[in-house]
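Student: We have chain D already, so just place chain U on it with the hints.
Protein chains in written order, with my numbering: chain D, 1 to 388; chain U, 389 to 480.
Derived from the structure by calculation, the hints contain no laboratory data. From a predicted model like this one, the values you see are computed outputs, not experimental measurements. All the given hints hold, so there is nothing to weed out.
Quick list of in silico lysine to any residue cross-link-like pairs, SDA-like style, CA-CA up to 20 Å:
no., chain 1, residue 1, chain 2, residue 2
1, D, K332, D, R355
2, D, K330, U, P429
3, D, K90, D, L31
4, D, K332, D, D362
5, D, K330, U, R407
6, D, K330, U, I430
7, D, K92, D, R67
8, D, K92, D, S54
9, D, K130, D, E113
10, D, K92, D, E63
11, D, K358, D, G175
12, D, K330, U, D406
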Amino acid sequence: MADVATFPGFRRAVGPPGIRNTVLVLSITGLTNPAARRIAAQVRGTHVIAMPYSTGLINEDREVHLRALEGLACNPNVGAVLIISDNVPKAKSLGAGIDARGQRVEMALLDHEGQDAISLVAMGTRLAAKLVREVSGQLREDMPLSALNIGLKCGRSDPSSGLMANPATGHFIDGHVDAGGTAIFGEVVEWLGAEELLAARACDPAIAAQLRNLPAEREVAAIAAGLDLTGNNPSPTNIAAGLSSIEEKSLGGISKTGTGQIKGVLDYAKAPGEPGLFAMDTPNYAPEHLTALAAAGCQMALFTTGAGNSFVSGLIPTLKVCANRSSCDKLKEQFDVTLDDLLDQNRPATEGGTRIAKAVLDTAAGRLTWGEILGEGDDIVSRFGAAL
Amino acid sequence: MSRAILLHPHDTVATLLDRVQAGGDITLSDGRVIRAAEDIPIYFKIAIQPMERGVDVMKYGQTIGRAIDRIAIGEMVHTHNLVSNRAQVSCN
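Just chain D, same shape as in the assembly (with noise of 0.2 Å):
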């Protein structure tokens, strides 16, 4: 083989690689969530996500809620899932689902625990201390980077995000996505005013009408709502760093998605299913974007801000790109990638994008985000509906 760029990462019976090998104690009901809560706090090496919905999520809230659960168990950074929940027949068609995946997984149900959390909380933790000892022995493998799927994200942006630390993402990117990578963006409302920049890279007339149709119904969304956009987005903490209008964060967030074709547009936490660069239905809020990107399949994100925003997700490491001069100084124990001093003398965001895919190899190779040492992951899936 010729000479391909890899990581030591752990290699998987089915699908790309990981980069974590977490178990996941995934609560699918939220009657059950703080029994899943205890079970991940008294068990060392799992990750707890908590569902606070169920019963009565219908039409494309139930599809997307059932989707969005079998994507996180199947994440690649989850080396076996424990299911948590207080329906019986839904954990078992869920379970068959990820074991038809090739995913490790174990349930304990609040049925078969006689109605008793305590009893529930006791099996949990057996379970999860089992799949943990196993998964713990497994060693990394040299595995390619380019079956890494990345997710890309801003927030808290500032116009320094535009000038650099988003262009500097999207010559990683490109590099990536060239070398036979994956990388998925989505945050719609941040296309309004940059929309033909976006369809013209479309692969094909159709995407490139998706790519103009979304960022339209929000619009619409938004004025039949009586909502003025400026003030919710750009937020208010991006009017006081500098950015004015919709137009303008929207074309300098999309330099984060580099140069290339877009492939196709996803629906939410839909895996691409090959290569490539891929647009994605989603909400603009970090933890509702970030969990389609982790349902998804993604094992990493690129998260770049300009006045700093420590939200991470739970079960994908999440790189935090910075080159606002006074948040680098100010926040050391937020950014995993510092690009201040390359805005501050003018250099190419070639050189940043350098910095980004060194930060890139080792995050995969096992070092962690400085969220993950603080913990500020968490995982919300979007609601599309009203439950019944």
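Tutor: This is chain U only, laid out in the frame that chain D set:
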């Protein structure tokens, strides 16, 4: 001297790389020098040509909204004199 980045030849605003005080000179990345009409914070936008009310304000070679007031060279451009053209509830 303060510095500002001009991102595109068609742009009507530049982005400050250093804060500037009223009367201070700013070197644009294309070599031109303009004078600040007011105090402007780092990374904020400065008008590099006069703009009439209603014209599109250009950054990245694209429109980022329109001027809602006359804007002179050297003035700060932000939400007090620029409004988005998108998702506006009250059209004026």
